[in-house]
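J.: Residue numbers (my numbering), protein chains in the order written: chain A, 34 to 380; chain B, 36 to 297; chain C, 360 to 672; chain D, 25 to 286; chain E, 25 to 286.
Hints in this document: simulated from the structure, not taken from any laboratory. Take the hints with a grain of salt, since some may be wrong.
As a list, the in silico BS3-like pairs of lysine-lysine whose alpha-carbon atoms are at most 27 angstroms apart [to be verified]: (1) K554(C) to K121(E); (2) K279(A) to K451(C); (3) K451(C) to K403(C).
Partial list, computed: chain B residues near chain A (C-beta under 8 angstroms) [what the hints assert, rightly or not]: (4) G235; (5) G236; (6) P243; (7) V246; (8) Q247; (9) G250; (10) L251; (11) R253.
Ideal Cβ positions, reconstructed from N, Cα and C, are used throughout, including at glycine.
One-letter residues, chain by chain:
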Amino acid sequence: SSSDEGGSGELTPVTLQLQWFTQAQFAGYFAAVDQGFYEDVGLDVTILEGGVDIVPATVLDSGAADFAISWVPRGLVPREEGLNITNIAQVFQRSATLQVSFADQGINTPADLAGRTVGNWGFGNEFELLAGLRAAGLDPNVDVVLVQQQFDMLALISGDIDAAQAMIYNEYAQVLETINPDTGELYQPEDLSIIDWNDFGTAMLQDAIWADADKLDSDAAYREMAVKFVEASLRGWAFCRDEFEKCAAIVLAAGPTLGESHQRWQLNEINNLIWPSAGGVGVMDKALWDQTVSVATSEQILKSAPTDGAFRTDIVEEAIANLKAAGIDVVGNGWSPKTIELRAGGE
Amino acid sequence: MIAKALHGFGPAGVVGAGSLAFWELSLLLIRPDGFVLPPPSAILVALFENFDEIWVATRSTGYIVITGLIGGVVLGVAWALLISRFRLANETLTPLAISLNAIPIIALAPIFNAWFGLLSPVSNQAIVVILVFFPVFINTTKGLTDVGATELELMRSYAASSWQIARTVRIPNALPYFFTSLKIASSLAVIGAIVAEYFGGRQDALGPFIVQNAGLTRYTEAWAAVLAGSAMGILLYLLSGVLERVSMPWRPASETMGSWDP
Amino acid sequence: MTRDEVARTVRALKRREAVTKGGRRVVVLLVFLVLLALAYTGYKAFGESIDDAQTGWPVIGMVLPRTNDLTMPPMSDIVAEFAKPPQRNSDKPLAMFILEASLFTLREAALGFVFGVILGLGIAILLLRSTWIERGVTPYLVASQTVPLVAIAPIIVIWGSTSMGWLPFEWTKWMSVSLIATFLTFFPVAMNGIKGLQSADPAAMELMRSYAATRRQTLIRLQLPASVPYLFAAFKIAATAAIVGAIVGEISGGVKGGLGRLILDFASRYTTGPPRLYATVIGAAILGIIAVGMVAAVEHVVLSERREEPLAL
Amino acid sequence: MTDAPRCAVAITDVSKVFNPGRANEVHALDAISLRIDEGAFVSLIGPSGCGKSTLLRLIGALTHPTGGGVRVNDKSADQARLDRDYGMAFQTSGLFKWRSVTENIELPLQLMGWSKAARRERAVEMLELVKLEEFANHYPREMSGGMRQRVAIARALSFRPSLLLMDEPFGALDEMSREHMQTELLEIWKKTGKTIVFVTHSIPEAVFLSQRVIVMSPRPGRITADINVDLGERVFETREAPAFFEKITEVREALRSEEGSA
Amino acid sequence: MTDAPRCAVAITDVSKVFNPGRANEVHALDAISLRIDEGAFVSLIGPSGCGKSTLLRLIGALTHPTGGGVRVNDKSADQARLDRDYGMAFQTSGLFKWRSVTENIELPLQLMGWSKAARRERAVEMLELVKLEEFANHYPREMSGGMRQRVAIARALSFRPSLLLMDEPFGALDEMSREHMQTELLEIWKKTGKTIVFVTHSIPEAVFLSQRVIVMSPRPGRITADINVDLGERVFETREAPAFFEKITEVREALRSEEGSA
Ligand SMILES: Nc1ncnc2c1ncn2[C@@H]1O[C@H](COP(=O)(O)OP(=O)(O)OP(=O)(O)O)[C@@H](O)[C@H]1O
Ligand SMILES: Nc1ncnc2c1ncn2[C@@H]1O[C@H](COP(=O)(O)OP(=O)(O)OP(=O)(O)O)[C@@H](O)[C@H]1O
Ligand SMILES: [Mg+2]
Ligand SMILES: [Mg+2]
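Could you put together the complete structure from these sequences and hints?
T.: This is the structure we're talking about:
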């Protein structure tokens, strides 16, 4: 491994742009910082928090960050707009996007959404929904009322919308952290029904590590940095799988705005999105890539299929080789999800 | 301002054309890949390509803007008429309104969504109404009360009733103040509606369109919608100016200026 | 008593009068806030009673706010929320969070305000040069204010973090937010500034010419002082605008630490604690009022030498 | 010129204190007694702040005496105001800038509920009286200071009050237009036979216009002299007659005897 | 009073056209020739709009003639302005309300780069001259109109220009304060020996103050009479002397011969 290299020498400063606020979704990177994995490979990593309007791809392209975490569609569209960026490690292997409704509404499949008011956040989060609706034979512009949703679940709970978009690791949990006025207790999973796009063939790839494609080709030092960065990051994710409680504590210490039980729930679900990674963590699942691309092009999110170089596996493979050499489990077949109890307000 | 703009289209045209050319050329020459601030030509192309969608969005945002503007203006003027009749109320409530005007009203957007529901246009209209209310109320009250002592004394010498004084002196006197505030309110209304939409509502509106496209780095499309929003603001502004000229034929064109202290 | 002493006494009296007047306004404001809280509680009780009676009054929730605890948390909860720690890993009460965030936002707003004043005055002075420039530029200044902030905020943040490397100090994100605030603050300053600069008495302008004063001397000795009342009217608007700009900038620019972000955070987990959002919005309201109050106080000190009443708004 | 024995204005031992008992208490008038015959032209003169305007406003019941009584046309001053017994004109013409000349003249008639046709007829008549027929539809800003004062006089006379109260109506005019307006006013007075109470700073103006010059002194305002002016019919040459200059000197001396320093 | 043969102001065949060739063209002055001796006190009188102010502004090089030449102290008018050869005072005192009396008087000195100490010294001297020592630290708003004019005169004299240009400086004062100020001005003139060009509307003022009264007529502005006034030392009684009234009549006649209607 290359871990002894930078030990005493200068650390290379590296900036990482997240796609969203500090939370367990990015636990692996926070853990790698906290545990000194980046330092071990000679990197000094600064993590930039994301925001509603922060587009990681643009930050990356502008040079304000060296690497960025972004969903695949949200990386591919800017790429088509002329940003030469590339996916160097596909961390999440599954989609986490749900369409949540109250069980009594009887919305269990995309077809059930016909004639309903359907919330979504936009920002590229809506593609799976739109494709899912079409796959179910519905025209999104006619058969449903699409609603710009806030990043909370009030609209669903108040009955303004019938089905709300939710990430299984975040907004879905928020509903379960809210008191049901009818019972005086928290809402229970039985109260809700969900549409999981992984089950309907329109799931798209989400969190991946992106880098500047031109620089990778022209700048050997940058490429080397990318390998080290991916290696240490994946090591962080392995750590979060194996040391669940420690990792959850690291996330909490990083100052998320949501509470402990919420972060633990989230970390558990995130682990579930990553592990097991049959081809090794971070390696692209070609079938899912193709599904993502086909949804994106058929939805006209992309004008055409991405050109070659939209993702590359050489870097992640080098990184995995290093990790394997260091004796780290990069597949995670032993992983199984925990049962997390949510408390009111996520506390 | 407006009268000036209408009178001397020359300078405005030259400055506009000049800066557009500079914008286009500098992007062409210096940053060919500059897409965060796309060249005007690309924005125009995007506007035509997405015309249907932007038109629908402009209409639904326009509905919020106009209903909110009307609501805010009616409320502001009604309050001003009411308050200016009572000296004590006027002396305490006007400074109060000035203080409350300092509240960043857009912060209320998420609360209004909770109050009225995500889908109800009222949540967005309420933001626009409140944004519009304050300048209209404050300016109109000022216009209604800033009447010359001579004029009031004259009316008293005619033993005029307070309603007669209101109709023949206070209201005409308040018109220029009112129109100044209307011009301010018209651009506030557009900004208010778009920011409110940002916090949720129907998706076929300008706010979501801009944010969504910007979020996908489709800046040309975003700017095309920004252009539509700006056009709406300018149109309302010009309309206020026309209304001002029509309702105050006694004023020389040069006096119809917009500023916050008539 | 000499005339000087008389004048001094009169001035002291006036100052005292102004202080009591200012104090009275604060009291009126507080009374109003209490009334508002009472109205809120009363309306909520009224709405809930109707809910309880299951009359299904359609007005509520359509043009009147819904009244359940999720949409309108009880006033007592909102007040109590200030003392509760919003984060589990620290004992810091929400009030402290809001205070810190307010200071952060205030810093952004203050810098944006200063930028805006400089830029606005600069533009006003430029426009003063010729009516041709004034006519050519003013329509675009007006147009600029109709550009939705949400659209330009992220652009400014990106631009700020990439193009400011040449500065001798490190450009941080909150400074970009200040630039967003500047976008809203420069306008009133520029518009009132030009009006104020032009308000200099033509006779006084002629007087300066008779002294063969330079353009600069005329600007500094006559036009700028003459524009001060107009500028203060603009500053009060700009102070509010700076805070609005800072909040919107934080929200859409993804900048952490301020009120805007706090509002967004609490809004995005609203269902898990509605009072938090209310408390934060109240904090933002207080910040706005304090900012304008500070400008008004400065205005009072500066303009007390002069005859005119300060211009309202 | 007038032989009517009736008394238009009777002021008996009037005093006026502003803000009594407060720090800014002002004894504006003290022990004023004055009778003005119907049809008379009386001028009030005195240094600034001596209470001329206050006295005029007491006659018009626009303010009330602290002590003593004011009767106008054998009624209380207030009743006279309600009966519209007097018209008023001020230094600043007090025309409403949003009303045309005709509309300004019609204002009091409108307040009294006259029909449109009747109003128009009277306005035309008044415009003739002040020789402004051509300017019927102009707005005040389009007219010179002297013309505006003529409109103000026409307005004050439009409802034919028996008494005309004028507070430095020509104060803002230059000396030449002023002399011109004086001649016009005398002509109107002769034609209409009104009682006129005229406040002025100018000694020649007071002497030229009136039959009686009331000289006042300040702090507190008192009447210090009541000078009869008998110069016969005023013609252009009156201003160059030795008798005119003598009266001027007499008024000046009366003023001076009360004056300290400026 | 002055025997200096030197010529302070020499105006030769000057004409002034505003907005030449445009619809709003105004022939303000035509064929004006005038020589003013050093140390003289000359008044310009004429109806409103006859070009008095324009002529004064030509002398001060605040505007430039369309034809003819203006020389001041044997230099071009512009050079004289740059050399600060003259001081100016207007109808409205034009004091800066944000400056105390002393600071107002110091303004021209400050612009000329004088040291603070020197400025203060001169200001004290000037305050003595106009008898306002006690008011050094007052602000304009705390002073009466007459006092403000005295400050304005002090300011105009502070840098000891040889020429004083005054445009209706006492126009806004009431007649009594005006007479007082006239006496003061004459005293200052005697003490300092400046050349004074004085614009006024008032015939008695022109006659009382000056050695020469220049009468002007309007449209286009022309000099129609140049009347020498030789009343000797002006004292209080001068105003009541027959010679004074005769001169007034002479000036009035000169004015009238040129006047049509107001
Ligand atoms: N509303 C008022 N409150 C307090 N004091 C007043 C008020 N009106 C007039 N005064 C005072 O009463 C005195 C007389 O005022 P008034 O206006 O009658 O004088 P005037 O002779 O008309 O003066 P001028 O010639 O300047 O018009 C002045 O000292 C003035 O300050
Ligand atoms: N800047 C200008 N542009 C156009 N016309 C002007 C300008 N200044 C003066 N005039 C015109 O020139 C003529 C003479 O004006 P000026 O001010 O010299 O008269 P005046 O004798 O001083 O009048 P007043 O007694 O009213 O002050 C007037 O008809 C006036 O309208
Ligand atoms: Mg008066
Ligand atoms: Mg003039």
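J.: None of the hints should be skipped; say for each whether it holds.
T.: Each hint, compared with the structure:
{"no.": "1", "hint": "K554(C) to K121(E)", "verdict": "18 angstroms, holds"}
{"no.": "2", "hint": "K279(A) to K451(C)", "verdict": "23 angstroms, holds"}
{"no.": "3", "hint": "K451(C) to K403(C)", "verdict": "30 angstroms, violated"}
{"no.": "4", "hint": "G235", "verdict": "4 angstroms, holds"}
{"no.": "5", "hint": "G236", "verdict": "5 angstroms, holds"}
{"no.": "6", "hint": "P243", "verdict": "5 angstroms, holds"}
{"no.": "7", "hint": "V246", "verdict": "7 angstroms, holds"}
{"no.": "8", "hint": "Q247", "verdict": "4 angstroms, holds"}
{"no.": "9", "hint": "G250", "verdict": "4 angstroms, holds"}
{"no.": "10", "hint": "L251", "verdict": "5 angstroms, holds"}
{"no.": "11", "hint": "R253", "verdict": "6 angstroms, holds"}
When the structure is compared with the earlier hints, a violation turns up for hint 3 alone.
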